[in-house]
Amino acid sequence: MQIRTREFVPRATFALHDPNLQRALAKAADGFIGKRAKAIAEVPEFEALREAASARKDEILSELDLWLERFEARVRAVGGQVHWARDAEEARAIVLALCRRAGARTVAKGKSMVSEEIGLNEALAADGLEVIETDLGEYIVQLAKEPPSHIIAPAVHKTKEQVAELFAEHHGGPPKTTVPELVTEARLQLRRKFFRTDVGITGANFLIAETGASVIVTNEGNGDLTQSLARVHIVTAGIEKVVPTLEDATLFLRLLARSATGQDSETYTTYSMGPRRADDPDGPQEYHVVLVDNGRSRMLGGPWRPMLRCIRCGACMNHCPVYGAIGGHAYGWVYPGPMGSVLTPLFVGLDTAYDLPNACTLNGRCGEVCPVKIPLPDLIREVRHAQQRDGLHPPAEQRAKALWRRAAERPALYHGLERLAVRLLATLGRKGRIRRMAGLHAWTDARDLPAPSGRTFLELWHAKGRDE
Amino acid sequence: MSSPPGRAGTVGLFATCLMNAMRPNIGFAAARLLEDAGWRVEVPREQTCCGQPAYNGGDEDAARALARRTIAQFEAFDALVAPSGSCLATLKYDYPRLLRDDPLWAGRAQALADKSWELLTFLHERVGAEHIRSRFPHRVTYHDSCSGLRQLGIREAPRALLARVEGLKLVEAEEREVCCGFGGTFSVKYPALSERLAENKVQRLLATRAEVVLGGDLGCLLHLAGRLTRICAPVRVYHTVEVLAGLADGPGIGQA
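Protein chains in written order, with this note's numbering: chain A, 1 to 468; chain B, 469 to 724.
Among the hints, a few may not be true.
As the list claims (entries may be wrong) - Pair by pair, the computed Cβ-Cβ distance ranges are:
#1 A:Arg389 <-> B:Arg601: 46 to 54 Å
#2 B:Leu572 <-> A:Gly301: 52 to 60 Å
#3 B:Glu679 <-> A:Thr427: 24 to 32 Å
Because the hints were derived from the structure by calculation, they are not lab data. Keep in mind that this is a model prediction, so the values were computed, not measured. Just so you know, even glycine gets a beta-carbon here, dropped at the ideal spot from N, CA and C.
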């Protein structure tokens with residue numbers, strides 16, 4: 001997927017003024033936030049579950065190598081194959097080679113953020129394969145030739161009317177007016193395609209070490225068709241997806257659906273394990289799991305490790321006021337919102353994704369809703385620190401910060417400057433406020449600057465001889 | 469009817485940068501309430517910034533230097549009190565983290581953190597509300613600032629204190645837990661985003677038909693007051709403690 005993180009500011013600015021996007025976002029926020037709150041209210045032990053899940057993830061991550069190897073052994077034992085990809089390029093090459101070997105012409109895909117991360121669709125298309133996204137949202141953005149804008153609701157940035165228009169353009173016929181009509185239309189289109197699929201590629205919400213199963217949750221059942229109708233099933237998954245036992249998976253599943261869509265569980269929770277056995281009624285002839293590192297093992301050691309707890313529910317972005325104002329495309333890569341503001345700079349570069357962790361108010365709501373208690377605000381701040389160490393903050397800002405620090409360590413100077421500033425601002429004030437001020441446009445373009453009275457608290461307090 | 473000052477203990481009042489420069493009235497209001505309840509209030513002359521702008525801006529080193537300064541200035545008092553949840557959260561949670569590997573300072577950072585209070589919480593939990601006897605016959609809504617709300621869990625204290633104010637009618641806004649878009653330097657680094665978040669918040673506040681917006685953090689209040697005067701909204705903005713101390717008789721923030 002093309003990296004457009006450097007265009008954050010212009011894309012965010014336009015997003016604020018895109019009426020269709022704004023309409024779609026307002027509708028989505030209402031749904032996601034309300035439904036999650038309701039679902040959680042029905043589980044009194046939700047906080048305890050978060051605590052348990054967070055602790056369990058940390059345990060698993062501290063022995064990740066062990067669980068990955070056990071997973072690999074179990075997959076082999078049931079007749080599947082495991083492939084290790086160090087980076088995106090290796091991952092693409094592995095999948096391409098598997099498709100070629102299968103003589104594939106058509107590839108069906110269930111929703112997989114890792115496949116977006118490694119740029120799989122572009123690579124498959126470049127190799128002459130027809131790629132069909134089967135998740136409704138992914139199907140919509142594929143028709144629109146856009147990347148997904150949300151990790152669980154890829155087309156959340158589109159209004160119903162936009163989707164109707166898009167379908168009419170691609171499927172023919174008059175635009176439909178209701179959601180059920182649109183869903184039926186997509187289902188009929190996709191159903192035909194499923195039956196001529198050679199290879200089915202899905203992601204994985206969890207990989208279970210004790211059984212060798214991969215687990216996906218969907219609301220459309222598209223993942224099941226993708227993986228059971230194709231001759232070859234390929235799972236692409238980040239290495240952090242492994243959990244030791246089925247018991248572990250159920251813990252995370254209880255949190256995932258409620259945090260993501262406010263459901264008790266998603267409509268389909270599908271476990272796949274190896275290729276079709278002799279007495280199975282259906283299933284693929286080959287079963288492959290591509291374990292993608294792509295920088296994850298580097299995140300294991302150091303401050304970023306908690307980020308690997310992420311179960312990709314999207315609650316952080318659903319509750320982020322900035323994401324809610326601009327949507328996911330402005331973030332310019334696969335992972336938007338708070339989790340993306342940590343992950344994207346780590347994947348594409350602290351420099352390339354400079355704006356993402358900075359365009360955040362650190363209000364903390366993301367951390368509060370995270371089902372695995374990732375301290376997102378702390379990690380976002382930590383990315384800023386890493387950017388500081390690399391000298392990436394704008395030069396003017398760095399100079400200002402250095403000067404400010406020097407003053408703040410010298411009380412006489414600091415207070416002198418404050419007194420000066422306060423007097424200046426007081427003379428500029430009209431009716432108690434400053435409408436416009438050279439050098440302060442970034443503030444005064446959006447709001448007035450309340451004018452101070454002309455004396456600082458410290459000088460007034462000590463002038464009264466209070467502490468003498 | 470004040471108690472003899474100092475009987476309850478001595479409080480070091482942390483004069484936040486914004487309060488010091490933009491709204492001294494908040495400091496005087498805080499002092500009045502504390503002194504009425506028998507606390508002695510001192511304001512160390514050498515205090516400067518808590519270091520949060522540096523910490524959030526990526527400069528851990530500067531934040532550490534300012535943390536040490538602040539600790540040295542305040543550790544002798546019975547308590548440190550700050551009229552801001554945001555600065556206080558820095559003192560309480562970030563100082564011990566920033567200095568945890570510093571053998572000379574880790575203990576001192578934690579000791580100060582343990583006796584540092586956000587003003588409204590201090591009034592509610594330590595001082596008690598019986599000394600509050602102000603009158604403010606207005607329809608009021610309260611803005612929960614994110615640092616106070618999420619890092620310090622401030623939710624009840626301001627509401628319980630405001631319930632003591634004669635004539636005050638509190639009307640809660642919708643989406644109380646959503647950020648106003650100030651975010652410190654965020655407000656000037658990403659002004660278009662900050663403006664949209666402010667406008668979203670202002671719409672919710674105005675929907676309550678309140679005459680007055682109160683809050684506990686001057687950063688958010690300057691931002692909201694600036695937005696409210698920009699759109700010529702007939703609403704006044706004060707820090708909660710100004711109302712509690714009966715010092716909200718002058719112009720609101722950003723008004724004359």
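- Task: Could you say whether the range 24 to 32 Å given as a hint is met by the Cβ separation of Glu679 (chain B) and Thr427 (chain A)?
- Result: holds, 30 Å
- Starting from the hint 52 to 60 Å, judge whether the C-beta atoms of Leu572 (chain B) and Gly301 (chain A) obey it. With Cβ atoms ~28 Å apart, the hint is violated.
- Message: Between the beta carbons of Arg389 (chain A) and Arg601 (chain B), is the distance compatible with 46 to 54 Å?
- Response: holds, 53 Å
Violation of the numbered hints given earlier is confined to hint 2; every other hint is satisfied by the structure.
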